[in-house]
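Counted the way our numbering counts, the sequence shown spans residues 1023 to 1288.
Honestly, the hints are just simulated from the structure, not real lab data.
Quick caveat, the model's predicted, so the values are computed rather than measured.
The C-beta atom is built at its ideal place from N, Cα and C for all residues, glycine as well.
Hints may contain errors.
Said to hold, decoys possible - Each pair of labels, with its calculated beta carbon distance range: (1) 1194 - 1063: 28 to 34 angstroms; (2) 1121 - 1203: 20 to 26 angstroms; (3) 1121 - 1288: 32 to 38 angstroms; (4) 1244 - 1071: 36 to 42 angstroms.
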Amino acid sequence: MRISYKPVSSLKASTYAGILAAVCILIIGGHINARSPKVIPYHVGLPGNMKILAVSDLHMGYGVGEDDIEKLVNIINEQKADLCIVAGDLFDGDIRPVVEKDLGAAFRRANCPVVAVMGNHEYIGGDPDKDAEYIRGLGITLLRDSAMQLGDVTLVGRDDPHGSFFRRNNTKALSDLIPDSARNVIVIDHQPGRILESADASAMLHISGHTHAGQVWPFRFFTEKLFPLDYGKKQFGNTTAIVTSGYGTWGPRVRLASQSEILVIQ
């Protein structure tokens, strides 16, 4: 039995080659985009001309390494901010490569206070208490459903709602976290699903991450539907909400629908 093969036409071959080239260009461009963080300015009425850096979704692990965190801390120090906020997902899940290589070591030389909250990936990793121990060992103040006073502002750090799912312990209501003496309240909450609670509490500022602004098309169509704000800045009553696309990436180091960023709020 003879099998005959139809030759592929030159038109089909060039079409396949063109598609393959376009995909390669997209992936390479997306990788460069993910590895090239931009500093994004936002203007908010902070007391005393305070300058805050905000970043989220570092996803330290097998994809985001020591050189990425070195780059981040260099930017923090160059900006000479009064405070740096890390809005969750410091780890990608498994903390072992982070601890073994001490990937977050550069934070120990940050020239301003660094305050962080837990994200869903700290719980997905399976041992949030071990994650918390490592974060604090970097000299970072970790707020887990707690508040602290820093100058003229009150920072309120909310634990991620995944905490109640994975550990069966309910996170506290925002009203229970804000002290009676609080002034100029800044709420840090990894996921932006509770922005309206911050608005009800008349917080001055709400900062979130989590969404990656979609990261890869067409996922932003879904994040826009899921959250009151999935990226950027928006006013909710007296509360200014800002959601960042984050610094690292979940999964492959590719961003096709957003950019890696660090926020400067002043």
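Verification of the hints:
1. Range check, residue 1194 to residue 1063: about 33 angstroms between beta-carbon atoms, so the 28 to 34 angstroms window is met.
2. In this structure the supplied range 20 to 26 angstroms is violated for residue 1121 paired with residue 1203, their Cβ-Cβ distance being about 38 angstroms.
3. A hinted range of 32 to 38 angstroms for the beta carbons of residue 1121 and residue 1288 is consistent with their spacing of about 34 angstroms.
4. In this structure, residue 1244 and residue 1071 meet the distance hint of 36 to 42 angstroms, their C-beta atoms being roughly 38 angstroms apart.
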